[in-house]
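**Q** Each chain is listed here by its residues.
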Amino acid sequence: MSDTDGRRWHDMGGQSAGEIPQEGHDFALWEKRVDALMVLCGGKGLFTVDGLRRALEDMGEDAFEKHSYYERWIASVNQNLIEAGTYSLEELGRKMDEVADRGATYGAAQRDG
Amino acid sequence: MARPMARRSVMAERVRVKAMMPPGHVRAPAYLRGKTGIIERALGTFGNPEQLAYGHAAEKKQLYRVRFTMAELWGDGAETPEDTVDAEIYDHWLEKV
Amino acid sequence: MPHDHHDHLSPSGHPYRPDNDGPLTYWQRMEIAVRELLIEKGVVTPAEISTQIDAMDARSPANGAAVVARAWTDPEFKSRLLADASAASREMGFDIGPLNLIAVENTDTVHNLIVCTLCSCYPRNLLGLPPDWYKTREYRSRAVREPRAVLREFGVTLPDNVQVRVHDSTADMRYIVLPARPDGTDQLDQGALAELVTRDSMIGMGLPRKPL
Chain A
13 MSDTDGRRWH
23 DMGGQSAGEI
33 PQEGHDFALW
43 EKRVDALMVL
53 CGGKGLFTVD
63 GLRRALEDMG
73 EDAFEKHSYY
83 ERWIASVNQN
93 LIEAGTYSLE
103 ELGRKMDEVA
113 DRGATYGAAQ
123 RDG
Chain B
20 MARPMARRSV
30 MAERVRVKAM
40 MPPGHVRAPA
50 YLRGKTGIIE
60 RALGTFGNPE
70 QLAYGHAAEK
80 KQLYRVRFTM
90 AELWGDGAET
100 PEDTVDAEIY
110 DHWLEKV
Chain C
9 MPHDHHDHLS
19 PSGHPYRPDN
29 DGPLTYWQRM
39 EIAVRELLIE
49 KGVVTPAEIS
59 TQIDAMDARS
69 PANGAAVVAR
79 AWTDPEFKSR
89 LLADASAASR
99 EMGFDIGPLN
109 LIAVENTDTV
119 HNLIVCTLCS
129 CYPRNLLGLP
139 PDWYKTREYR
149 SRAVREPRAV
159 LREFGVTLPD
169 NVQVRVHDST
179 ADMRYIVLPA
189 RPDGTDQLDQ
199 GALAELVTRD
209 SMIGMGLPRK
219 PL
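Chains as they are written, first to last, in my numbering: chain A, 13 to 125; chain B, 20 to 116; chain C, 9 to 220.
These are calculated hints, taken from the structure and not from any lab test. There could be a bad hint or two in this list.
Claimed, not checked - A few chain C residues facing chain A, derived, Cβ under 7 angstroms:
{"id": "1", "residue": "38"}
{"id": "2", "residue": "140"}
{"id": "3", "residue": "147"}
{"id": "4", "residue": "161"}
Ideal placement from N, C-alpha and C gives every residue a C-beta, glycine not left out.
Excised from the complex, chain A in its bound form (with noise of 0.2 angstroms):
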């Protein structure tokens, strides 16, 4: 059996921690994309800033541990797209296939070579 007081993972205020990273990374174009479509589908009514978040929190504390901000960012925009009916599984599934075919780097891979 186990137990909890109910705090969620990411409600972090107060909790124990060590010393700030400082250090900071320029942003990537697939980055940039990852950003522009959460701001776009979000203004367009596929998804609120609030669906976002709760399905960041529903990916749990290892998520936030092992991915990057936008690796969680893309997997939230996606779930939420997904459950706003936006596309298929079966859609995403092959055109993610179709996109790794095209080559084994990001640049390789866009659709325009």
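Starting from the known structure of chain A, arrange chains B and C on it as the hints suggest.
**A** Showing chains B and C alone in chain A's frame:
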């Protein structure tokens, strides 16, 4: 017994954040639950994020900025007891003290 | 084959990380696939995506610095800023969309600091994208409990008579700190004043630069 927030002027009123711990998307941080603060300002009404997060039409809820002292939040271990934290809390999470 | 004009230098002057040459990751495959499906289904167009990327690139701390510099030199603008920071930003011509902005003022006796403990809410429509450190577990955990220790890590030590006010961006508001105007700047114009305003000073995790 807890009294709900009334829709009237509530500036500087003492309020307590409800200590409930529902397992879903809420915007009342755990470190504030059960804590007492004062209303710093009313912010107007906004769609309830707890409904929007699950794809439902949202009721409008009153939102307040509530100010807490570090002493209230962290007790004797507070870094500086008179420093404060302000957070935005929806009225269904607040009860009058 | 049209050249993608985003391939050169990023707004900070650094080259984009060489993603185009690294091995394609699962997440990048997902981004490409999601984007192409959305375009095929007529939800978005490539032009809308480019325009949105450009719009975000145009948003930077320089916008906030301009607002701060005006507040430092124009007391009536400063009053309007403190009463309704969204309206004041729009008054200066910044397209901030639906941002609900609150400006909080640093004084001789109050220092403000902004955090989002629950995620990474930030006034991005005015200041651009937040720094990586703002989104870390360490910052989100500690800023509401030991703000002065966090400030010292960032090189800021406050006098004993200064109260720290932390603002946790938990719902629909976003925040910008109006830093205190540095001494010895009476002769500087708004443009020169804006140069002193750093991004970190508008989060409350730094102070403005001193004049040369």
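**Q** None of the hints should be skipped; say for each whether it holds.
**A** How the hints compare with the structure:
Annotation: residue 38 of chain C was flagged as interfacial toward chain A, and the flag holds, the nearest CB pair being 5 angstroms apart, inside 7 angstroms. With a cut of 7 angstroms, the hint placing residue 140 of chain C at the interface with chain A holds, because the nearest CB-to-CB distance is about 4 angstroms. Among the interface hints, the one on residue 147 of chain C holds; its C-beta lies about 5 angstroms from the nearest C-beta in chain A, closer than the 7 angstroms criterion. Hint status for residue 161 of chain C relative to chain A: holds, with the closest Cβ pair at about 6 angstroms, below 7 angstroms.
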